[in-house]
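> Sequence:
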Amino acid sequence: MEFKFETVTHSPEETFKLGEQFSKYLKPGAVVAFWGDLGTGKTVMIKGICSGLKIDAADVTSPSFTVMNLYTGELPVYHFDFYRIESFEDVLAFDLEDYFYGDGVSLIEWAERIKPYLPEDVIPVVMNRLKPEHRRSENDRSISIGNLTPSVLEALKKGDP
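Under my numbering, residues 1 to 161 are what the sequence shown spells out, in order.
Hints are computed from structural coordinates only; laboratory data are not their basis.
None of these values were measured; they are calculated from a predicted model.
Don't be surprised by glycine CBs; every beta carbon is placed ideally from N, CA and C.
Just to be clear, a hint being listed does not mean it is correct.
Unchecked claim - Derived Cβ-Cβ restraints for the label pairs, each shown as a range:
(1) Ser144 - Pro119: 14 to 20 Å
(2) Glu86 - Lys131: 29 to 35 Å
(3) Glu13 - Asp90: 32 to 38 Å
(4) Lys54 - Asp98: 22 to 28 Å
(5) Leu70 - Asp37: 25 to 31 Å
(6) Pro119 - Glu89: 16 to 22 Å
(7) Met68 - Lys157: 31 to 37 Å
(8) Tyr83 - Val8: 23 to 29 Å
(9) Glu13 - Glu97: 20 to 26 Å
(10) Pro116 - Asp37: 20 to 26 Å
(11) Gly159 - Asp103: 25 to 31 Å
Please work from the sequences and hints to get the whole structure.
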């Protein structure tokens, strides 16, 4: 049985705060894979996760051209963006296992581009804009975080930091 947290955020600030809250449950070796179209808030949530791990959110930028940024806080954070990856050979050049099974947390934007390389225990985060008929504003996003333990799911539901 998969334990999944589902919510709707109504602003970038709420998405950021969800990232901060979620960061409290990430351990070394965690791999969080983000799925979502351009502009759905992936980088905003990653900034929140980094903030929760004592990294200045102003230093967090999407590594679209460099593919990976390293941030140092409570844990090392490996922030990947595979938007511009064109082949699996490009992916292999990164020795992902070194990051995925290391002492830090891997946060992956455009994870669908490297799906065959993701570990089985990956934590998927799916972000979507709500359809116009279901949203209050342009900023409404549905966010689903999967592969959680029951205790983390309950804590996220309660909003426990």
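> Given a hint of 22 to 28 Å, does the C-beta separation of Lys54 and Asp98 actually sit inside it?
holds, 23 Å
> With respect to the beta-carbon atoms only, verify the hint that Met68 and Lys157 lie 31 to 37 Å apart.
At 32 Å between Cβs, range holds.
> Verify the CB-CB distance for Pro119 and Glu89 against the hinted window 16 to 22 Å.
This hint holds: roughly 20 Å between Cβ atoms.
> Does the Cβ-Cβ separation between Glu13 and Glu97 fall within 20 to 26 Å?
violated, 36 Å
> Does the hinted range 23 to 29 Å hold for Tyr83 and Val8 at CB?
holds, 25 Å
> Could you check the hint for me, namely that Gly159 and Asp103 are 25 to 31 Å apart, CB to CB?
holds, 29 Å
> Tell me if the beta carbons of Ser144 and Pro119 are separated by a distance inside 14 to 20 Å.
The hint (14 to 20 Å, Cβ to Cβ) holds, given that Ser144 and Pro119 are roughly 19 Å apart.
> The hint says 29 to 35 Å between Glu86 and Lys131; measuring C-beta to C-beta, is that right?
holds, 31 Å
> Can you tell me whether the CB distance of Pro116 to Asp37 sits inside 20 to 26 Å?
holds, 21 Å
> Holds or violated: the 25 to 31 Å window for the beta-carbon distance between Leu70 and Asp37?
For Leu70 and Asp37 the Cβ distance comes to about 26 Å; the hint holds.
> Determine whether the Cβ-Cβ distance between Glu13 and Asp90 falls within the hinted range of 32 to 38 Å.
holds, 35 Å
In the structure shown, a violation is registered for the earlier hint numbered 9 alone.
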